[in-house]
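Q: Chain B: place on chain A using the hints.
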Amino acid sequence: MTAVVSRIRITSLQVFCAVLVAAVLLQGLITSALDAPAARTASTVFVAVCVQALPFLVLGVLLSALITAFVSPRVLRRVLPRSSAAAVPVAGLAGVVLPGCECAAVPVARRLIGQGVAPAAALTFLLAAPAINPVVLVSTAVAFPGEPGMVGARFFGSLATAVGMGWLWTRLGRAEWIAERARRRVDNADRQRWAVFAETARHDLVEAGGFLVLGALFVAVLGVLLPASWTDALAGQLVVAVLVMALLAVVLALCSEADAFVAASLTTLPLLPRLVFLVVGPAVDVKLIALQAGTFGRAFAARFAPATFVVAVLCGTAAGLLVLGGAR
Amino acid sequence: MRRETQHVLLLLLGGALIKITLNGDYLRYVRPAHGWWVLGAGVVIVALAGVGVLRDLRSAPADVTGHAGHAGHSPWLLMLPVLAIFLVAPPALGADAVVRSVDANVVAQRAPEFAPLPDEPAPRLELSDVVARANWDRAGQLDGREVTLTGFVVRRGASVQLVRLAIVCCAADARAVRLRLDGPLDVPADTWLEVRGTVRTGSATAATDHVPAMTVHTAHVVAPPPDPYEY
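Chains as they are written, first to last, in the numbering used here: chain A, 208 to 535; chain B, 9 to 239.
Just chain B, same shape as in the assembly:
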């Protein structure tokens, strides 16, 4: 691959990274804390390409490093993420990724003390927080409390689950956090819902694969949040 082509490719690659951090799409792929890293990498890549262009314009490429100007064919592969980001912009992981994983909640045994729930009607909680409390909270703070949860719908046979994906670094390590919804819900998979209801006491046990059940009071369709994962 010629040097000019490499410069153009690097400009596009850096530009793609800068674009997804500025328009917020990076949240579909990595955790928010990585945003600065991705932006920084994009700026450095664009700068390296810019320096290369300037040096080549000023003089015939003097090969200071002893590299031949032509790398092999491997750099062509860099077109794939560029095209994927600019043309396809893959969406955040959803029901398909959940159905592929094992149908169980993975809950690390935690200390039985949990922070007190916010003192308001139907507090808005994270799904992973509710699942952890339903499994381990000995004080039973959730018992009979109405809570508000946001997640997307996954259908497993007859049962309907409200799910969020939790990630550590990037979407490749996503892990599903599930809650079974009891109530007549006729919505297709991947619909984002805001649900108010109460978690049934004692519904999250090893027998139910640690998946708690919720009695739904109200549910309405919402737009997918810009920040689709929990962390």
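Just chain A, with the same shape it has in the complex:
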């Protein structure tokens, strides 16, 4: 498309400059439009989510670029068990080593698939990494000082979700659901490894960054639109409370290091719905769905996100009943 088709063809750089100039000229108009209290709150939350998540996304694209440029598919095949059903639990436990929010795990999982890791194992890693790393478990312990069972319940619920989704993918998943661009192998055998590294990181950042921003927009708008008192009505109804808290985890899209504190603050609810909130949040939320749709394609996200939601609700509930010993 770099070939000039006609002389007056408008390039994206010109559009970009035009938008920039227009925004600067209309700055007064934009700021006064955002001066309404609700718009101000939403714009602060929007920038906060972007600023909070971008460093994690940068960490993720650097890791994914390292994998692409320096890890040969042969090494990965030797490290992981041959059958993908056996590789899934290994990938789940490997999630312990990536302390970060879900934004970091998405590009890494994509490049693992590109370098020949079975999709089931890479997707297990994607779900496990943000949910069961040490930082998340410690912050859960701090948020629930009187309930040491919450840490174990969260760990087992999240691990079961990740491994369960991996096995489900082994049985039912089809490679063609994942967009072709995410499955493409990058040849790193030649001498240009640092070039591959820089270009992969830059490319993944541009691609995933846009979707991260889309997720942040959802979080900001939903945060302002949802009345805060709606959880009060749930106190006596356990099943409804579990489902509503699961949906709340999807729309709030909190980072997995902070969600335990929000769950701890909902003191009118029993522990079980709050645990489901903690298990669902890192596995599926609006920010993550946007990122997955951008990275793996819409066909993938349309199947993977609802399935993950169901599995996470079931695993969270089971972990609560077994580890916490009932609904409480």
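It is worth saying that the hints were derived from the structure and are not from the lab.
Hints should not be assumed to be uniformly reliable.
To be verified - Restricting the straight-line Cα-Cα distance to at most 25 Å, the calculated cross-link-like pairs of lysine to any residue (SDA-like) are:
| no. | chain 1 | residue 1 | chain 2 | residue 2 |
| --- | --- | --- | --- | --- |
| 1 | B | Lys27 | B | Val54 |
| 2 | B | Lys27 | A | Leu227 |
| 3 | B | Lys27 | A | Ala225 |
| 4 | B | Lys27 | A | Ala246 |
| 5 | B | Lys27 | B | Leu85 |
| 6 | B | Lys27 | B | Leu88 |
| 7 | B | Lys27 | A | Leu450 |
| 8 | B | Lys27 | B | Leu62 |
| 9 | B | Lys27 | A | Asp242 |
| 10 | B | Lys27 | B | Glu154 |
| 11 | B | Lys27 | A | Val226 |
| 12 | B | Lys27 | B | Arg39 |
| 13 | B | Lys27 | A | Arg285 |
| 14 | B | Lys27 | A | Gly353 |
| 15 | B | Lys27 | A | Arg247 |
| 16 | B | Lys27 | B | Phe94 |
| 17 | B | Lys27 | B | Val16 |
A: This is chain B only, laid out in the frame that chain A set:
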């Protein structure tokens, strides 16, 4: 989107992150400990864009990774945070965010032992510390002690509250810490006040939603602190 546009966009995005860490605005959005992360991310983003520009200048973009040079339209969305940071610079959350949340303090049950209060007249304390002590301190160290607090004003009907927002990661998880102010105060919402007064013993109970009440001795308007949240 063309590669050149992507480079410019990344330079602006990285520049925006570097700018808010250097001028301190990042404290409106994330906790102070995240500052180094944000700065590092900004530097890496600028570096990635710089490497891209240099490589494209040296040679026609040799596509080492097999990606087409044109990503879809999603990268355009990256303009939003860039424009928001450079043109709007949204302020820290204030009274509007507090009024949207449930009108109650959330206090985790804590061990009843608290560190002794500083041995000075009207010590300066964090609002969340005072609220925790008012709810749980069995030793009653706050009883009759004059303390100094800083926060912004939130009006709920006739009552006036002094509030700070506490955050864990970023402003999206902010939670309000409230204290009711008793005394004739005629200031609009979102005004930052430094208040000296005593917390009324037994005023923070489940019946008052764990919101303690303070008898105000003096109050004067102060500038918003650079670090608007408690942690």
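Q: Please go over all the hints and tell whether each is borne out by the structure.
A: Comparing the hints with the structure gives:
1. B:Lys27 <-> B:Val54: holds (12 Å)
2. B:Lys27 <-> A:Leu227: holds (18 Å)
3. B:Lys27 <-> A:Ala225: holds (23 Å)
4. B:Lys27 <-> A:Ala246: holds (23 Å)
5. B:Lys27 <-> B:Leu85: holds (20 Å)
6. B:Lys27 <-> B:Leu88: Roughly 16 Å between the alpha carbons, so the hint for lysine 27 of chain B and leucine 88 of chain B holds.
7. B:Lys27 <-> A:Leu450: violated (42 Å)
8. B:Lys27 <-> B:Leu62: holds (23 Å)
9. B:Lys27 <-> A:Asp242: Measuring from Cα to Cα gives roughly 23 Å; hence the hint holds.
10. B:Lys27 <-> B:Glu154: Cα-Cα ~40 Å, so violated.
11. B:Lys27 <-> A:Val226: holds (21 Å)
12. B:Lys27 <-> B:Arg39: Within the cut-off at roughly 16 Å; holds.
13. B:Lys27 <-> A:Arg285: Distance of about 45 Å is beyond 25 Å: violated.
14. B:Lys27 <-> A:Gly353: Judged against 25 Å, a Cα distance of about 42 Å means the pair is violated.
15. B:Lys27 <-> A:Arg247: holds (21 Å)
16. B:Lys27 <-> B:Phe94: holds (9 Å)
17. B:Lys27 <-> B:Val16: holds (16 Å)
Of the hints listed earlier, those the structure fails to meet are numbers 7, 10, 13 and 14, in rising order.
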